[in-house]
Structures are given as C-alpha cells and as structure tokens.
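Engineer: This is what each chain is made of:
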Amino acid sequence: GAGVSQSPRYKVAKRGQDVALRCDPISGHVSLFWYQQALGQGPEFLTYFQNEAQLDKSGLPSDRFFAERPEGSVSTLKIQRTQQEDSAVYLCASSWSGNQRDEQFFGPGTRLTVL
Amino acid sequence: AQSVSQHNHHVILSEAASLELGCNYSYGGTVNLFWYVQYPGQHLQLLLKYFSGDPLVKGIKGFEAEFIKSKFSFNLRKPSVQWSDTAEYFCAVSPYTGGFKTIFGAGTRLFVKA
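Those protein sequence lines, which keep their order, are chains X and H.
Be aware that the first sequence starts at 149, since it is given in the working numbering, and climbs by one per residue.
Be aware that the second sequence starts at 4, since it is given in the working numbering, and climbs by one per residue.
Only chain H is shown next, with the shape it has when bound in the complex (with noise of 0.2 angstroms):
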C-alpha cells in the first residue's frame, strides 16, 4: 500500500537552528509532492508542492524542498526558524493512479524557542 514516513515527530530548535523534516513514500510511479503546515489554532494550509522540473523547490516563509527521485524523498528545509514556525508540518503524496488520493504522514510537531 502506498504510503508516507516522516521520521521525526516532534523537534524542538532554538531561533537561527537550521531546520531539516525528513519525508519518504512508497510508491514507484510518478508524484505531486506536497508540504502542508499547521500553524496553532489555524487551518492547514500549503506550504510549497512539487510535480515536475527542478527538483529544489521554493516556497513560502523561506522554506525550500529537495525531491530526490532515487531516494524516494522529499525534504523540507530551512536554514534559520524563527518562534513564528513553531507548527505541525505534513508531507503528502499524491501519486498519479487514475485516482484522486492524497496520502498524508503523521506530521511533525516542530517547536521553536525563542
């Protein structure tokens, strides 16, 4: 069954820490990519989302994503948190089946202190 790991659950940083979330899924076929992001008390919202092209993906907040195909992953990156990113961050998977399926890992509670 396809699927999405993310390693770690919970990660504490200090302010400046660079930042790394790791994400794997299992699936050989061809994917969108996606990091949403769950601020306290708001809704989920996207992050950054990959489907083609550069596999080093921008997105909002100064955060980036690295798509490696080999690997099966799709890193989240930042090179300085602040207190604001304090979130639960979630990988999803959306594999071209026919079908419309999105696939979500468990989500990483990152904390920041100030």
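Chain X on its own, in the form it takes in the complex (with noise of 0.2 angstroms):
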C-alpha cells in the first residue's frame, strides 16, 4: 500500500511568512510523528499524536510551532512567523500502534528554506 507522504517536498519562505507543512501518514496507523533535521544532523522530535490527540509536544522549539491531527489521520505542521533558524528538513513518521516498540514509517520529508 501506500506510504507516508508529505507536501509540499519543497518550500521555500521569506523571514517572517507563516507555513504549513502536511502529512498523510498510513491509512489506520494510530501514532504520528513530526521530526526537524537540521542539516548533518539526525531527525530531532517535535511533537507526537495518538489517534487525534497531542501526547507529546515537548520537543517543539517555540510557540510559533504548532500540529493539529483533527480526525486523527492526515496532520498538519504549522509555523507562524518564520525565522533563518527554522530551515530544515521536517519529517513524519507514523507507526501502527501506540507502542514505543512499533516500526515507524518515515515519509520522504519537507525541506523548508526560509530566506
């Protein structure tokens, strides 16, 4: 079947413009996943949902970061006000269950540039 997908794979964006990122993860996977990977660097955790709800936000750098799930399938990653800082590549991941032992599926990413 079909795999994590996420769109726009590319964007870029003037210092200040808000964005949103979306992810379409594997049709019945109950947990979703948003990472930022910076440059040579490994995926860093933003932010997880079970179904719809937001069980985990710590990982999200500032309040101009937000995700919303609102039927507990496709997301969406937000971010207001975009900063230099902010240019990475965003990841979603989804896996089956809630259970931190389960495969996650990643999808191909969203590369963000913020000018």
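Which residues of chain X face chain H? A partial, calculated answer using Cβ under 8 angstroms: (1) G190; (2) F193; (3) L203; (4) D204; (5) Q248; (6) E251; (7) F254; (8) G255; (9) P256.
No lab work stands behind these hints, which were simulated from the structure alone.
Just so you know, even glycine gets a beta-carbon here, dropped at the ideal spot from N, CA and C.
Got two chains here, separate frames each, mind docking them using the hints?
Structural biologist: Below, the structure written as structure tokens:
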C-alpha cells in the first residue's frame, strides 16, 4: 500500500511568513510523529499524536510551532513568523499502534528554506 | 538530557570489509533501541530493533547489533559489506519515560567502494 506522504516536498519562505506542512500517514496508523532534521544532523523529535490527541509536544522549539491532527489521520505542522533557524527538513512518521516498540515509517520530508 | 552519540560521521570501506558502527546513549533506565537506514534517494527505514531478550539482534540484509547494557551501547555490525550498503545509518533510542520521544544520533555516512 501507499507509504507516508508529505507535501510540499520543498518550501521556500521569506522570513516572517507562515508556513503549513502536511503529512498523510499510512492508513490506519494510530501514531504520528513530527521531526526536524537540520543539515548534517539526525531527526529531532518535535511532537507526537495518538489518533487525534497530541500526547507529547515537548520537542516543539517555540510557540511559533503548532501541530494538529483533527480527525486522527492527516496532520499539519504550522510554523508562524518563520525564522532562518527554522530552515531544515521536516519529517513525518507513522506507526501502527501506540507502542513505543513499533517501527516508525517515515515520509520523504519537506525541505523548508527560510530566506 | 538524554542523548545518542554515533562515533563516526563518515566511514569508507571496500566491498567485503567488515563494518562496525558505534552508538552510545545516555539514559539510565529501560530503553528501546533502533537502527534506521537511509539509502540514497529513499526514506528512512528500520534496519533492526531491540527491546528485550537476547542482546544480539539480527536485522535485514545481514546486519546485526549488540546491546551492552553496562556500556550503554548498541553497535551495528555486518561481517561483509556490499556496495549497496552505501547509505546513512542512524541509531535511535526510545526511553521508557512515559513520553513518546525517540532520540536519534547524528548519523554515520557509509560509503562502500566497489
């Protein structure tokens, strides 16, 4: 079946603009994760959803970052008033259940460049 | 703070050479451990995982990893690499803290010369 998809694949924003990044997880997957990956680094956890509930948002770097998953499937990561330090690849991953031992299936990422 | 250290950022090997990639984590409690791989142009995908039982775990494509609790390590090994193993490898830890955070290392880029 289809894997995790993300859109757009590339986004260029001017500093101060708001952006919205979309993630379509694998159908039926309960868990959804967002990560930020800076150049030369590993993915850094941002937030976690179990169905529509946001159970962990400890990794969101500031109140400019907001994520939602209103119907327990598609998720959107919104960044307000983008800054240059927000430039990174934003990865979405989903997993079958709410168990931490589950394999996470990753999407291709959205590369955000803030000018 | 919890962290994952991967000792080598870049590794270059010839085909048939043996591979060992180091991974250490800083968390004193129970953890789930993972190795993910990203082949050129592809998504991150799971190579293997460990959460309990035999500390020597076998994964796909002939990879294995050994969990040594006393050393807080989870090193990845392969006896004989192939050109197709050229990829970036990430060690990841999911601590039993009640949260859902998975912590990744910075990754090791492996290039295998044909």
